[in-house]
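Chains as they are written, first to last, in our numbering: chain A, 1 to 118; chain B, 119 to 228; chain C, 229 to 471.
Check before you lean on any hint, since a few could be wrong.
Unchecked claim - Calculated lysine-lysine pairs in the DSBU-like style (CA-CA distance at most 30 Å, straight line):
| id | chain 1 | residue 1 | chain 2 | residue 2 |
| --- | --- | --- | --- | --- |
| 1 | A | K96 | C | K310 |
| 2 | C | K310 | C | K446 |
| 3 | C | K446 | C | K420 |
| 4 | C | K344 | C | K420 |
| 5 | C | K446 | C | K344 |
| 6 | A | K96 | C | K446 |
Keep in mind the hints are simulated off the structure, nothing from the lab.
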Amino acid sequence: MSTTPHTTAYRRDRLWLAAMVHRVSGVLLAAFLPLHFLVLGLAIRGEAELDGFLQWTKSPLVKFAELGLVLLLAIHLLGGIRVLLIENMPWREGQKQMATIAAVAAVGIGCVFLVALL
Amino acid sequence: MSAVRLYVWQRLTALLMVPLIVVHLIVIIYATNRGLSAADILDRTRGSVAWGLFYALFVAAASIHGAIGVRGVAREWLGLRDTALDRLMWIFGVVLVVLGLRAVYAVVAT
Amino acid sequence: MSTTAEAMIDVRVWRGGEEGEYQAFSVPRRDSQTVLDIVTWIQRHADPTLAYRFACRVGVCGSCAMTVNGRPRWTCRTHVSKVIEDGRLEIGPLANLPVIRDLAADMTPFFDKWQKAEGTFVPSRTRHEPLETISPDSAERQAADAAIECINCGVCYAACDTVRWSPEYFGPAALNRAWTLVNDVRDTGNLKRLAAAASSGGCHNCHSHQSCEQLCPKGLNPTASIAGLKRRTMQAYIRGEIS
Ligand code: HEM
Ligand code: HEM
Ligand code: SF4
Ligand code: SF4
Ligand code: FES
Chain A
1 MSTTPHTTAY RRDRLWLAAM VHRVSGVLLA AFLPLHFLVL GLAIRGEAEL DGFLQWTKSP
61 LVKFAELGLV LLLAIHLLGG IRVLLIENMP WREGQKQMAT IAAVAAVGIG CVFLVALL
Chain B
119 MSAVRLYVWQ RLTALLMVPL IVVHLIVIIY ATNRGLSAAD ILDRTRGSVA WGLFYALFVA
179 AASIHGAIGV RGVAREWLGL RDTALDRLMW IFGVVLVVLG LRAVYAVVAT
Chain C
229 MSTTAEAMID VRVWRGGEEG EYQAFSVPRR DSQTVLDIVT WIQRHADPTL AYRFACRVGV
289 CGSCAMTVNG RPRWTCRTHV SKVIEDGRLE IGPLANLPVI RDLAADMTPF FDKWQKAEGT
349 FVPSRTRHEP LETISPDSAE RQAADAAIEC INCGVCYAAC DTVRWSPEYF GPAALNRAWT
409 LVNDVRDTGN LKRLAAAASS GGCHNCHSHQ SCEQLCPKGL NPTASIAGLK RRTMQAYIRG
469 EIS
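Here chain A stands alone, though its shape is the one from the complex:
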């Protein structure tokens, strides 16, 4: 028997999920940024240093992670625009469709990246 009365089926909702995706993508991007800056900073010690790292990024696993980053950036960007529109424009119907369009477009950007990669 559960010891708390509160269950949360209302979370099975596209807009609730969209908010969570936005949050998690934001946190992951924030976690990635220091690493990104450290890698770029390698160029201080010369091109070879940075290139050495970029050679490592040629491994399929790292490419996969890069795809993840592009997806995160795209979904956070489009989801963020969606939030800015809600907050600053007159209300409009079709919020769920907007969230879906943002997700589909982000996957589309991911696909373009994949094509560019291969």
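Keeping the supplied structure of chain A fixed, place chains B and C with the ligands upon it in accordance with the hints.
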């Protein structure tokens, strides 16, 4: 810092980053398509005032936006309050700015 | 009526306070049955000690809200057919509020926050002055009317995860009320109200999940009201009226 103030800074930097990230995504895809090498990247950036400004602005906006964002998440999901929150926000923001500007310097000025 | 083939519903009802457990009841199915009918049937026929709250039974008073299969609902106007899942109903007290007993939640924090959000009318005229005439068609009045039908049921408050995760957050209902008054041309309390909306419990906590909007039984849209407050507080902040 007051809630409105944090909100205004977070949303203004978000708005500012919309064009920056669109450009960044295009550059990422273009650079990856060409095989992503240090020579390639540094060719573009070295000595370029335009890219220097672009990335410096990007670093500033992302640091402010990200630090305030992380503060909000820590407030709700880690239950941090007041000084602990502000400390987290400032430390994270300053680390990002310092590392970020160092990176810009690395790819533009060396 | 046949007694053997009578259709029954598996109902689980929260018993206890903050701690307790769900208790199972078998309740006969009726046509056009509401969730409140189910709870009342249990109290009358199975366990008279069951605590719950209601008054009008017609969607006016806002006192009958409970959590039904994981979503907050006004139980007197919620048909069982709309919310039943696999023949089962789970009924608990409203979330994000202290539990008094069984299905009765303590609404005190909810109403306290209406005060904190300056959700009270501040008249510009005294009772000795003539009534101000307001055209119902004016843009201001329509903006105020858009969010005015709130019955204080607490459904939106219980559906808001930001309230859950940030207990000082005023929540959708109180801010929706504040937005109504911001748009009311007869009111003079806006500076204090915007300052409250911009404080740490105010509108900037909201992440536009729209759970409140989706579940409000009156079809109101607190997300849009709160977005309005975000714009007005931002303007006031930029003009230096609040900090
Ligand atoms: C959180 C947001 C960001 C993400 C997800 C991101 C992602 C990426 C990715 C995947 C690449 C491809 C090459 C590599 O992996 O090194 C890249 C390149 C790069 N990034 Fe970022 N980045 C972000 C923010 C920034 C910021 C704020 C700066 C500012 C300094 C920056 C500067 C660069 C530069 C200079 C390159 C090389 C581009 C070129 O080929 O010319 N990035 N970024
Ligand atoms: C075009 C660029 C971006 C836009 C339009 C944007 C937009 C937004 C918006 C509107 C929010 C508020 C969401 C809410 O309160 O529910 C937000 C939150 C956040 N953003 Fe961004 N963002 C962008 C880029 C970034 C970047 C590069 C990072 C990484 C440093 C980032 C990290 C975060 C974090 C950690 C949050 C907090 C999430 C939350 O409170 O749920 N964002 N973003
Ligand atoms: S939109 Fe705002 S008020 Fe409504 S549930 Fe989400 S955080 Fe709460
Ligand atoms: S806004 Fe809707 S859900 Fe919230 S208290 Fe008012 S009537 Fe109930
Ligand atoms: S009993 Fe009055 S609204 Fe349900």
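Hint check: K310/C vs K446/C, CA-CA at most 30 Å. Holds or violated? 16 Å, holds
For K96/A and K446/C, compute the direct alpha-carbon distance and say whether it is at most 30 Å. Between K96/A and K446/C the Cα gap is close to 20 Å, so the pair holds against 30 Å.
Given hint K420/C paired with K344/C - CA-CA distance at most 30 Å: OK: K344/C and K420/C at ~10 Å, within 30 Å.
Hinted pair K446/C and K344/C, Cα distance within 30 Å: 23 Å, holds
Straight-line Cα separation of K446/C and K420/C no greater than 30 Å? 28 Å, holds
Is K96/A within 30 Å of K310/C, Cα to Cα? 21 Å, holds
Checked against the numbered hints above, the structure breaks none of them.
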